[in-house]
Amino acid sequence: QQNNLHFIDLGEEWLDFSGLPFVSSFWCGHELMMNLYDVERVQASFAFGEERKQAICEEFAKKHPLPVSDCLVLLDQHIDFNFGEEQQEGLKELYRYAFYLGFIDHIPDLHFWPGD
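In the numbering used here, the protein residues as written are 1 to 116.
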């Protein structure tokens with residue numbers, strides 16, 4: 001709670017509920033539309049952002065009420081950019097709940113670019 005505003009940390013709630021990491025976003029594409037060039041561009045964009053994290057936070061802080069130091073803490077300590085087995089299981093569990101509760105009509109499979 002801050003300034004009479006109430007916040008719910010979805011990641012914390014999901015972890016308490018399921019025991020698994022919360023995946024709030026990920027890069028994806030349709031298997032018939034993606035090619036190696038697309039995958040390499042996404043990977044290069046990620047590397048570009050990682051290398052320029054300080055400058056990105058400085059630019060962000062100019063336009064938003066978040067100090068650079070808080071932005072860096074958010075990116076370094078509160079957002080996990082890995083999509084390992086635990087994160088994949090967390091996403092699969094979310095899909096299972098969404099299916100059983102009627103939000104989606106099937107449980108999607110996760111497929112990865114060959115070689116990743």
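Check before you lean on any hint, since a few could be wrong.
List time: in silico SDA-like cross-link candidates among lysine to any residue, alpha-carbon distance up to 20 Å [claimed, not checked]:
{"#": "1", "residue 1": "Lys92", "residue 2": "Trp113"}
{"#": "2", "residue 1": "Lys53", "residue 2": "Leu72"}
{"#": "3", "residue 1": "Lys63", "residue 2": "Val73"}
{"#": "4", "residue 1": "Lys63", "residue 2": "Glu85"}
{"#": "5", "residue 1": "Lys62", "residue 2": "Gly49"}
{"#": "6", "residue 1": "Lys53", "residue 2": "Lys92"}
Simulated restraints, written as ranges between beta carbons of each label pair [stated by the list, open to error]:
{"#": "7", "residue 1": "Tyr100", "residue 2": "Asp9", "range": "29 to 35 Å"}
{"#": "8", "residue 1": "Ala98", "residue 2": "Gln43", "range": "24 to 30 Å"}
{"#": "9", "residue 1": "Tyr37", "residue 2": "His111", "range": "15 to 21 Å"}
{"#": "10", "residue 1": "His111", "residue 2": "Gly19", "range": "32 to 38 Å"}
{"#": "11", "residue 1": "Tyr100", "residue 2": "Leu72", "range": "20 to 26 Å"}
{"#": "12", "residue 1": "Glu58", "residue 2": "Leu110", "range": "23 to 29 Å"}
Quick caveat, the hints were computed from the structure, so don't treat them as lab data. These numbers come from a predicted model, not from an experiment. We treat Cβ as the ideally placed atom computed from N, Cα and C, and that holds for glycine.
Right, here's what the structure says about each hint:
1. Lys92 x Trp113: Holds: Lys92 and Trp113 sit about 18 Å apart, inside 20 Å.
2. Lys53 x Leu72: Roughly 7 Å separates the two Cα atoms, so the pair holds.
3. Lys63 x Val73: With a Cα-Cα distance of about 18 Å, the restraint between Lys63 and Val73 holds, given a limit of 20 Å.
4. Lys63 x Glu85: 36 Å, violated
5. Lys62 x Gly49: 18 Å, holds
6. Lys53 x Lys92: 30 Å, violated
7. Tyr100 x Asp9: 29 to 35 Å: 24 Å, violated
8. Ala98 x Gln43: 24 to 30 Å: With Cβ atoms ~28 Å apart, the hint holds.
9. Tyr37 x His111: 15 to 21 Å: 18 Å, holds
10. His111 x Gly19: 32 to 38 Å: Hint violated: Cβ distance 25 Å, outside 32 to 38 Å.
11. Tyr100 x Leu72: 20 to 26 Å: Hint violated: Cβ distance 39 Å, outside 20 to 26 Å.
12. Glu58 x Leu110: 23 to 29 Å: Cβ of Glu58 to Cβ of Leu110: about 35 Å, so the range 23 to 29 Å is violated.
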